[in-house]
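Peer 1: Sequence:
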Amino acid sequence: MRKSGLFQLVTVLLAALSVNGVALAADAGAIGEPGRESGKANPLNNVYFGEQHLHTANSPDAFAMGTRNTPDDAFRFCKGEAIKKIVSGTMVQKRTPYDWCAVTDHAEYLGVMPLIIDKTNPMSKTEMGKLILSGDPKQGAEAFQQIMDSVAGMKPIPYMSDPKLAASAWKKQKAIINKHNDPGKFTTLLAFEWTSQAMYINMHHNVFFRDDKGPDVIFSSMDSIKRADLWTYQELMRKEGHENFSIPHNGNVSNGLMFAPAPLGKFIDKQWAARSNRNSPATEIIQTKGASETHPALSPNDEFAGFETSYKHLLGSGGVVGRIKQLRAQGTDRRPGLSGDDGREPLEVRHRIRCRFTRRFFG
374 MRKSGLFQLV TVLLAALSVN GVALAADAGA IGEPGRESGK ANPLNNVYFG
424 EQHLHTANSP DAFAMGTRNT PDDAFRFCKG EAIKKIVSGT MVQKRTPYDW
474 CAVTDHAEYL GVMPLIIDKT NPMSKTEMGK LILSGDPKQG AEAFQQIMDS
524 VAGMKPIPYM SDPKLAASAW KKQKAIINKH NDPGKFTTLL AFEWTSQAMY
574 INMHHNVFFR DDKGPDVIFS SMDSIKRADL WTYQELMRKE GHENFSIPHN
624 GNVSNGLMFA PAPLGKFIDK QWAARSNRNS PATEIIQTKG ASETHPALSP
674 NDEFAGFETS YKHLLGSGGV VGRIKQLRAQ GTDRRPGLSG DDGREPLEVR
724 HRIRCRFTRR FFG
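Numbering (the working numbering), first residue to last: 374 to 736.
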């Protein structure tokens, strides 16, 4: 069982993510944290630094970007151990270990990619296996595109969607998570990512559980793309004794749906707000590979869209920004907006823009 103090400090969790590069005070008795070894509770609450959005080779997007390291490697890295990057062979190590970590691999096709590149596994003989193992970058890109399209089109690839595969992968994931949980020293959380991305509209949520056992089955966008259905899953799991919460991210590429005033065709009411607050009490602001804030390239009519934003954090080198402007120029010269009900661009242009964002930030 994870301690309630750490599990429930969602706001502290996000605050820690937003101060990238700030290390814990060397003196455990510093102001604000009277000492972890004092045996006394801190009335001001302690701040714990960790990682709540992390993918491994078990996630198709991370795999496509070259990740071959495992969840076990990820936890060891977060604990401060030196690990070797499987592809490059270089050693990496955190200067300051984290206090906690959650590996949130995608529920969709969880753990399938390592099976596909295992030449002793029947999965390597499938169409996807042949493309990936061909050694041809173009065929590899085609394979990844097929996976993305299957998620966006809600058309699971049958031989990659066997419930037995998903159950086995999740069981192994839970075992590794619990293996690294060391109460009072390093906390791990059972977690996964629900990757709702219908028509390339991002509605992703990371889901976290408090207990050690966790659910037997995780919920993927192949089960449903609707956030209300994810909440129903969370509520059912809670009734079974698996306390949980979810954190959405990258609402800036949700085409306005993540925080729409009428998400289900009618305006938000008290009941909807209470349910949202119970299940998804916070939102991710920034992560290693991107941010959830808006940007002038996304919202050109919003005068505050550029406030304290960073091209590198949101859009990599900025090349994607240039491509968006190019697509906008090709598609329209009168309705340049990408977000909101006013000034939307033609569907084809919006789809092409989303495709390019998704290829860069699938997770």
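Keep in mind the hints are simulated off the structure, nothing from the lab. There could be a bad hint or two in this list.
Pair ranges (Cβ atoms, derived) [what the hints assert, rightly or not]: (1) GLY557 / GLY439: 30 to 38 Å; (2) GLY439 / LYS492: 16 to 24 Å; (3) ASN418 / ALA455: 27 to 35 Å; (4) PRO510 / LYS537: 37 to 45 Å.
DSS-like cross-link-like pairs, simulated, lysine-lysine; straight-line CA separation at most 30 Å [what the hints assert, rightly or not]: (5) LYS639 / LYS599; (6) LYS599 / LYS662; (7) LYS458 / LYS547; (8) LYS545 / LYS492; (9) LYS537 / LYS639; (10) LYS511 / LYS547; (11) LYS662 / LYS639; (12) LYS662 / LYS547; (13) LYS552 / LYS639; (14) LYS457 / LYS612; (15) LYS586 / LYS558; (16) LYS612 / LYS586; (17) LYS662 / LYS643; (18) LYS599 / LYS458; (19) LYS643 / LYS544; (20) LYS537 / LYS498; (21) LYS586 / LYS544; (22) LYS552 / LYS528; (23) LYS558 / LYS413; (24) LYS545 / LYS586; (25) LYS558 / LYS537.
Note that the Cβ used here is the ideal one computed from N, Cα and C, for glycine as well.
Peer 1: Confirm or reject each hint.
Peer 2: Evaluated hints:
no.: 1; hint: GLY557 / GLY439: 30 to 38 Å; in the structure: holds, 35 Å
no.: 2; hint: GLY439 / LYS492: 16 to 24 Å; in the structure: holds, 19 Å
no.: 3; hint: ASN418 / ALA455: 27 to 35 Å; in the structure: holds, 32 Å
no.: 4; hint: PRO510 / LYS537: 37 to 45 Å; in the structure: violated, 32 Å
no.: 5; hint: LYS639 / LYS599; in the structure: holds, 15 Å
no.: 6; hint: LYS599 / LYS662; in the structure: holds, 25 Å
no.: 7; hint: LYS458 / LYS547; in the structure: holds, 23 Å
no.: 8; hint: LYS545 / LYS492; in the structure: holds, 20 Å
no.: 9; hint: LYS537 / LYS639; in the structure: violated, 38 Å
no.: 10; hint: LYS511 / LYS547; in the structure: violated, 35 Å
no.: 11; hint: LYS662 / LYS639; in the structure: violated, 34 Å
no.: 12; hint: LYS662 / LYS547; in the structure: holds, 25 Å
no.: 13; hint: LYS552 / LYS639; in the structure: violated, 45 Å
no.: 14; hint: LYS457 / LYS612; in the structure: violated, 41 Å
no.: 15; hint: LYS586 / LYS558; in the structure: holds, 20 Å
no.: 16; hint: LYS612 / LYS586; in the structure: holds, 14 Å
no.: 17; hint: LYS662 / LYS643; in the structure: violated, 35 Å
no.: 18; hint: LYS599 / LYS458; in the structure: violated, 36 Å
no.: 19; hint: LYS643 / LYS544; in the structure: violated, 37 Å
no.: 20; hint: LYS537 / LYS498; in the structure: holds, 19 Å
no.: 21; hint: LYS586 / LYS544; in the structure: holds, 10 Å
no.: 22; hint: LYS552 / LYS528; in the structure: violated, 35 Å
no.: 23; hint: LYS558 / LYS413; in the structure: holds, 16 Å
no.: 24; hint: LYS545 / LYS586; in the structure: holds, 12 Å
no.: 25; hint: LYS558 / LYS537; in the structure: violated, 34 Å
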